[in-house]
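Participant: Sequence:
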Amino acid sequence: MSSSSNQPNTTLYINNLNDKVNKEELKSQLFSLFTTYGKIIDIVASKSQKMRGQAFLVFTDLAGATSAMRACEGMVFYDKPLHIDYAKSKSYATLRAEDPEFVPPTAANASAVLTQNGKRPRDGDVGDSERQPKREKAEDSDEEMEIDDEEETAQKNDASVAPSSMPTQVQQPSSRLLCTNLPQEVTDDVLSVLFQQYKGFQKTHVTWSPALNAAGVRVKMAQVLFESPELATTAKEALDGFTLKKGWHMSVVYI
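Each step along the sequence shown adds one to the number in the numbering used here, with nothing skipped, and position 28 is 335.
Rather than coming from a laboratory, the hints here were simulated on the basis of the structure.
Using 27 Å as the maximum straight-line C-alpha spacing, the simulated DSS-like pairs for lysine-lysine come out as follows:
1) 330 / 552
2) 395 / 354
3) 552 / 346
4) 354 / 387
5) 357 / 395
6) 334 / 357
What follows is a list of derived Cβ distance ranges for each label pair:
7) 356 / 517: 42 to 50 Å
8) 506 / 327: 22 to 30 Å
9) 331 / 536: 35 to 43 Å
10) 507 / 374: 21 to 29 Å
Keep in mind that this is a model prediction, so the values were computed, not measured. All C-beta atoms in this analysis are idealised placements derived from N, C-alpha and C, irrespective of residue type, glycine included.
When you get a sec, could you build the whole thing from the sequences and use the hints?
Facilitator: Okay, structure coming up:
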């Protein structure tokens, strides 16, 4: 997106999302994609009729939100191009970060930004004193969100046996690439979002790495196939060393 009709905001509004994707999977994959641009403190998505295909992402700073918007606008995500803009108003998470004494408004004058569970607060549901601790827990759970995603992904992939050895690296250009040092939450969908930006992309295959990384942590690796060595080279040069998340730099080589 070259320009926005809204004022710069640490909260991004995303629409045209594939509404057939499970809500928890959608939030997990949005987190994995956008966390490369900055620290995310909240993700709001809902399967309600009014909010289908939409989500709000809250960054800690404007630089991260702006970088994410510029980099990911139009990116194909679950077979649909992302439409991204600054949200019209600040999220509760942002307001509380700016002012620890901030008290969320009542339903009578609540903003359009949704709460963590995807529903607007309603009169009589809970009082402010009961609502506030729940919101604090949601806002403080950004690190837990990442851990939960890793555990969930790990459980889904436990049935997949890691290869006994690493594919052999070659020096000459090849149509097949090997990506290593991938965090546990990386999936084929996440990696495809990165590589499908480049012409000739065909498919990815993510598996567990046969060896732990230098820190003794179990990691993943992936093979990525392109139509030709020339097209694969363009992607390799662009993404070798790409920061998937803080402290995790992907290595891309020919195999």
